[in-house]
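A.B. asks: Residue strings, one per chain:
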Amino acid sequence: MADLVTVQLYGSLTQFTGGAASIDLEAATIRDLFRELLAQHPALGEDLDSRVSVSVDGRIYTESLFQPIAPENEIILLPRIAGG
Amino acid sequence: MALDEFDSESRIFSAVGTRPVRPDGIDKVTGKAMFGADISAPGMLHGAILRSPHAHAVIKSIDTSAAEALSEVKAIVTRADFSDKVSRGNADVLENVMAGAKVLYDGHAVAAVAATSAHAAKKALKLIKVEYDVLPHVTDVDASMQDGAPIIRDDEIKVEGYSANVMSRSEFGHGDLDAGFAAADVVMEKSFKTAATHQGYIEPHACLGSLGADGRGELWCCTQGHFVARNICADLLGIDSTQLRVVASEIGGGFGGKTTVFIEPVALALSRKTNRPVKIVMPRDDVFRATGPTASSSIDVKIGMKNDGTITAGQAILRMQGGAFPGSPVDMAAMCAFAPYALENVQAVGYDVICNRPKQAAYRAPGSPMACFAVESVVDMLCNQLKLDPFEVRLKNGAKEGTKASYGPKWPRIGLLETVEAAKAHPMVKSALGPNQGRGVSCGFWFNHGGETSVTLSLSQDGTVALQVGTPDIGGSRASMCLMAAEELGIPYEKIRTTVVDTASLGYNDVSHGSRVTYASGLATIKAARDAKKKLCQRAAKIWCIDEEAVDWQDGQAIPAGQNAGGHDPLPFAKLCKSMGRTGGPISGHFEATPEGAGVSFATHVVDAEVDPETGATKILRYLVVQDAGKAIHPSYVEGQFQGGAAQGIGWALNEEYIYGEDGRLQNAGFLDYRIPVASDLPMIDTEIVEVPNPGHPYGVRGVGETSICPPLAAIANAVSNAAGVRLTELPMSPPRILKALDDA
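Line by line, the protein sequences give chains D and E.
All residue numbers for the first sequence refer to our numbering, where the first residue is 1 and numbers rise by one.
All residue numbers for the second sequence refer to our numbering, where the first residue is 1001 and numbers rise by one.
Bound conformation, chain D alone (with noise of 0.2 Å):
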């Protein structure tokens, strides 16, 4: 079993999640993380992991479904981010 950890939502995702911009869940990756988000809050959509990025410890990650998170980890989901 998965330690608990705490992501952050921002303010636009918190519509799907009852208004909740913070979640506990059970998670030792970021692909644990959008699994347990989606079966928590089914309206955030399958398509979850291609709308956003996630910053662990200010690391911004927007590919990287094995990568490790922990719960001392400061984790949030950002907007994804592309450039020019």
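Incorrect hints may have been included.
To be verified - Taking lysine to aspartate or glutamate and the EDC-like style, the derived pairs with C-alpha atoms no more than 16 Å apart in a straight line are:
1) E:K1400 x D:D57
2) E:K1410 x D:E74
3) E:K1410 x D:E72
4) E:K1404 x D:E74
In short, the hints are calculated from the structure, not lab data.
This one's a predicted model, so the numbers in the text were calculated from it and none came from an experiment.
Fit chain E to the given chain D structure using the hints.
C.D. replies: This is chain E only, laid out in the frame that chain D set:
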């Protein structure tokens, strides 16, 4: 992949940091380089696209019979000639490439012709009869949000309190705004507007497509990402992506505007119908009317400050329209707005709005320059009112490692304060200002990006290297890749040739965007070179009959290492290459991954400007860019990126704007009426490179291509406002607008 890639701050570089001649330079200055429009093929047809004259209308019918009757016309396509099973992510791309039931902006494509000559294709367009039912339109972001605005896509309300044209609302921030503003000695509020501006690339979009009825094809085009162009085109045409081979031409500027497709699927659809290659070159007015400018914006900012310069709270409400499709960069803008500041109480709210304008495309640090303009203008107003030094206020409140970003995360190692200190110490800041002259300061921020990346590095028997990358060279990256490969292998820069290869020759690569190429393709090049070095050491071990662990690579040669390795003469790179066929076969190094360690970048700009109170004209007297590059691989091209961002920012701030008439039609679709800066508008733009290493890259590289356009709008607005003695809040600060501001003051 692992994040802490950085080798060491004490590493001494031999190739990296030097300034050799760029390998593509001679071809470009002699006209030998092949750009999009230079590609032709036997039997080629010429394509042309019919575009809507209306900002918003239902297409009742399209009659192509008269055009088809012309002997020179070989095919006509409409929306019916594209796939009806396009993925959800590309649905808006298809809608933009070729209108379906409605046209959504002046210039929206409705049909296309392939004919035996460009003249015949143009003639045929005039014979296509389109019957429209014209609808009300809206082109202003604030007007589009209001109840009663013409509804552009569907009438479902997505954000309570606004029209159905508001597609989403996002919010970032933390702390207690009310408490923060209550603690301030001064609270300043101001509203700002910025016009939509085009990336202004000199090369129009151009392509040559060839697609058979069997779904196999070739596409040559100017693009920032030929793998992405391949995938989108395949989706829009209903073919397998790998059956389409895409070759990227040289590119005459992109700046984000060539990260998607406009004409490429059309050329391929026409080709599939005629079984002949079809070439399309966009006329300049089509480039303005139908390719993506950046968003226009309307922004309110409120900042509280103590008398000593401490910022107690900051709030920004940002509204951006991204044309007739959702996806304006307002999220990014909201995240960047207060990024240079460490604030306890901060909020940024963004509204994504649609209008009857062309679909916006990325433009260098999308959204950040506008947000920066509004926030840094208010910071400047507070500095003026409280008589505070603008550098000291930024140093006092500046973001640094460990402080919480306004968009959430704690900052890793960043170089903002170093750029402020360097700017403050620069000789330009000591220049005296004369009458009607003013100085402006601004900081700016951009994220940067990694992305999917593949590189192959192949050794040749003569001791040279063919480096294959899949990221189009939009800013001198071939030179940078050669330098990084030379550094790793310990061979001369001239012994390496970097080629941007086609989509059939290498694994997938994301677009050249997000300031990612020197970071991600650079990291991949270093890793591929290390892979090749490992194989070279294995060969040396075989030759010497020792363990491979007993071989080191040093200064371009394999050397025995350790007491038990024996006393062998070093084996140079060229010697190992020469014998590789007989010692185990050809040697190549590879790297395929998605690097995620892109380092964010900050900059500080300082501008001295003079305003003529009689004409309203602005002259930029001096301009300084200081930016954190992490590690400058080829300093000349880093400086070039700094200068390029500043030059585009000068145009954006002073003159460039999309002007729409009451009829919803674009009135200035050409460089005569859409005024980008020319050489005589620009001073020598001074640059200073700060190097605070990014721990996510072996050499510490941070992307530099976008951050340089974040501060200019604000820095110039602050300089102009200080010169004119009146605050300018709307861009561009064209002479009529400055005169009006002076009159109103």
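A.B. asks: Now look at each hint and say whether the structure bears it out.
C.D. replies: Status of the hints after comparison with the structure:
1. E:K1400 x D:D57: holds, 14 Å
2. E:K1410 x D:E74: This hinted pair holds, its Cα atoms lying about 8 Å apart.
3. E:K1410 x D:E72: Between K1410 of chain E and E72 of chain D the Cα gap is close to 13 Å, so the pair holds against 16 Å.
4. E:K1404 x D:E74: OK: K1404 of chain E and E74 of chain D at ~11 Å, within 16 Å.
Checked against the numbered hints given earlier, the structure satisfies every one of them.
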